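Participant: These are the residues of each chain, in order.
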Amino acid sequence: MRDLSPWLPDLDPPPGGLARLRRSVQIVRPQGYWRRVGIAACAMLVLASVGLPAALQRYRSQAELSEALRQAVQPVVPNGLQVVGGAAIALESGQPGVQLYLVQSARAAAAAPR
Amino acid sequence: MTLREDALYASYRRLERPLYNVLFRQLWQAEDCQDVIHDAYVRVWERRGKVEESTLDALVWTTALNLARNRLRWRRLWRPASLEEVADAPSTEGEAADFLASRRLREALRQLPATSRDVLLLVHFSGLRGAEIAAVLGIPAGTVASRKHHAMERLKTLLGDDRA
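Line by line, the protein sequences give chains A and B. Each position in the first sequence, counted from 1, maps to that position plus 9 in our numbering. Each position in the second sequence, counted from 1, maps to that position plus 8 in our numbering.
Honestly, the hints are just simulated from the structure, not real lab data. Note that the structure is a prediction, hence the values are computed from the model and not measured. Every residue, glycine too, gets a C-beta built ideally from N, C-alpha and C. Warning: the hint list may mix true and false statements.
To be verified - Okay, the calculated beta carbon distance ranges per label pair: (1) A:P24 with B:D106: 19 to 25 Å; (2) B:A18 with A:G47: 32 to 38 Å; (3) B:R83 with A:L54: 39 to 45 Å; (4) B:R22 with A:P18: 19 to 25 Å.
Throw the hints in and build the complete structure from the sequences for me.
Facilitator: In structure tokens:
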């Protein structure tokens with residue numbers, strides 16, 4: 010059995026293989042595409058995990074201050090301020106008839122040096 | 009060391025026919041063979057930054073043979089053998105003779121050890137030298153000749169025919 014040709018004739022491949030490969034090669038992602046996508050996603054996660062708590066904290070402080078100010082400008086008490094969840098500290102204005110108040114959120118007031 | 013597109017296509021033109029002939033004697037379905045050849049080249053192209061043109065053909069052979077093995081495993085798991093037989097059934101008398109011969113060969117090849125069968129088909133169709141075939145199949149270079157001899161003897165016994 011030296012010659013296998015009768016049993017293994019040479020077959021022609023179906024046409025169109027090269028054209029199909031050419032089409033596929035055009036749409037294959039560039040090399041390292043998924044690695045770059047992964048790196049970008051990780052970077053986004055890191056940035057979000059670092060930046061998000063700070064942004065939330067800033068937002069909360071501003072919201073508390075806004076609330077304290079809103080309460081302070083409501084004329085609930087004659088000749089004075091009523092601040093709930095915050096503090097209104099009277100300051101020297103230097104002008105007669107002018108009263109200055111420093112309004113802070115309760116947390117900011119507690120943290121301020123006395 | 010980046011593979012050029014024209015080198016890929018040149019390799020395809022070189023290897024399409026031998027690849028198809030080897031894979032057809034493993035998968036026995038033209039469409040599957042075409043898919044495997046295509047997928048092998050696409051995989052190589054995806055790794056083009058790490059592929060040297062001097063070893064491109066060997067890499068394509070290795071990739072295609074691995075993909076064919078995976079496809080056979082998948083078939084054994086999910087597709088009943090009887091369906092394949094029906095799909096290949098002949099429609100005319102002339103085709104019937106070819107069908108029977110093809111089926112005998114198919115059964116005989118199926119009974120060969122996988123590596124011996126690969127060696128036999130690569131020696132017959134690929135045009136690769138013994139050392140190259142050994143590298144493609146990941147076997148010692150010295151065993152290619154003996155595996156080929158063993159496969160041919162076994163095939164002769166299984167086919168019971170002195171024609172070949």
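Participant: Now look at each hint and say whether the structure bears it out.
Facilitator: Each hint, compared with the structure:
1. A:P24 with B:D106: 19 to 25 Å: Hint holds: Cβ distance 21 Å, inside 19 to 25 Å.
2. B:A18 with A:G47: 32 to 38 Å: About 33 Å separates the Cβ atoms of B:A18 and A:G47, which means 32 to 38 Å holds.
3. B:R83 with A:L54: 39 to 45 Å: 41 Å, holds
4. B:R22 with A:P18: 19 to 25 Å: The hint (19 to 25 Å, Cβ to Cβ) holds, given that B:R22 and A:P18 are roughly 20 Å apart.
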